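Trainee: Sequence:
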Amino acid sequence: MSSRATPVPLGLVLSGGQSTRMGYDKGLILHQGLPWFIHAQQKLSSLGLEVVVNVNAAQRQPYAAWPGCAPLVVDKPLSQGPLRGLLSVHVLFPERDLLVLPPDMLYVKCHLLADLLTLSTQQQGRIVAYESPKGVEPFPAIYPARVLAEVALALARGEWPSFAMKYLLEKFEPSLLPWQVQLTPEFRNLNRPEDLLDQ
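Per our numbering: the sequence shown = residues 1043 to 1241.
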């Protein structure tokens, strides 16, 4: 058995989406003077994680202009949707599990992320996520390097039939943290302009 320690997960701010429902880049919306992506970055950093920010090509310059921006990883044409961001980071950090937090999950508290990390140490090699009444929540969650490598290989062979995160979660049967009703506001995604009224 190898004695090599498992690397600490890499924190990933998943900002590469098109924000079509919002109408403009959600990651750059300001809250308390800072863009949402910086808030997500700070939460991951507070857990002692190295952090990178996934962006599409058009986002690189405006994100990099923010002081303290973590290293940026630009989307590669490997997949579609959120899976593209995960795999774009995976090819650069192939041995690192990813703790993923999108910037539009503004209300997620650090203790929820810490609980994911705790469970991941007991369930190495498995996706770790929360289960809500709607099903398994794709984010925030930990996606292990082993799973991402398997997905990348299947895609390269033309054997991965869906880009949906739901399909990935169903295939790999994650380890789940139980849902509590008080978590509902924290897992709220801010997708539309009307969602901003009470931010």
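FYI, nobody ran anything at the bench for these hints, they're computed from the structure. Some hints here could point you the wrong way.
What the hints assert, rightly or not - Distance ranges between label pairs, derived from CB positions:
#	residue 1	residue 2	range
1	Pro1119	Gln1164	34 to 40 Å
2	Arg1188	Trp1108	20 to 26 Å
3	Gln1103	Pro1203	33 to 39 Å
4	His1153	Leu1076	17 to 23 Å
5	Leu1134	Gly1110	32 to 38 Å
6	Thr1163	Gln1074	28 to 34 Å
7	Pro1203	Leu1076	38 to 44 Å
8	Ala1107	Arg1188	25 to 31 Å
9	Gly1075	Leu1195	40 to 46 Å
10	Gln1084	Asn1231	16 to 22 Å
Note that the coordinates shown come from a computational prediction; the quantities given were computed from them, not determined experimentally. Where is the CB? At the ideal position from N, CA and C, for every residue including glycine.
Trainee: Given the hint of 38 to 44 Å, check if proline 1203 and leucine 1076 actually sit that far apart at their C-beta atoms.
Mentor: holds, 40 Å
Trainee: Is 32 to 38 Å right for how far apart the beta carbons of leucine 1134 and glycine 1110 are?
Mentor: violated, 21 Å
Trainee: So does arginine 1188 sit 20 to 26 Å from tryptophan 1108, Cβ to Cβ?
Mentor: violated, 33 Å
Trainee: With 28 to 34 Å as the target window, see if threonine 1163 and glutamine 1074 comply at their CB atoms.
Mentor: Hint holds: Cβ distance 32 Å, inside 28 to 34 Å.
Trainee: I want to verify a distance hint. Is the separation of the beta carbons of histidine 1153 and leucine 1076 within 17 to 23 Å?
Mentor: Taking Cβ atoms as reference, histidine 1153 and leucine 1076 lie about 21 Å apart, which means the hint holds.
Trainee: Take the C-beta atom of glutamine 1084 and the C-beta atom of asparagine 1231, compute their distance, and say whether it sits inside 16 to 22 Å.
Mentor: holds, 19 Å
Trainee: For the range 40 to 46 Å, tell me whether the beta carbons of glycine 1075 and leucine 1195 fit it or not.
Mentor: holds, 43 Å
Trainee: State, for the Cβ atoms of alanine 1107 and arginine 1188, whether the hinted interval 25 to 31 Å holds or is violated.
Mentor: Once the Cβ atoms are compared, 36 Å apart, the range 25 to 31 Å for arginine 1188 and alanine 1107 is violated.
Trainee: Indicate whether the distance between the beta carbons of proline 1119 and glutamine 1164 respects the range 34 to 40 Å.
Mentor: Given a distance of about 36 Å, which is inside 34 to 40 Å, the answer is holds.
Trainee: Do the beta carbons of glutamine 1103 and proline 1203 sit within 33 to 39 Å of each other?
Mentor: The hinted range 33 to 39 Å holds for glutamine 1103 and proline 1203, with Cβ atoms some 35 Å apart.
The structure is inconsistent with the numbered hints 2, 5, 8, although it conforms to all the rest.
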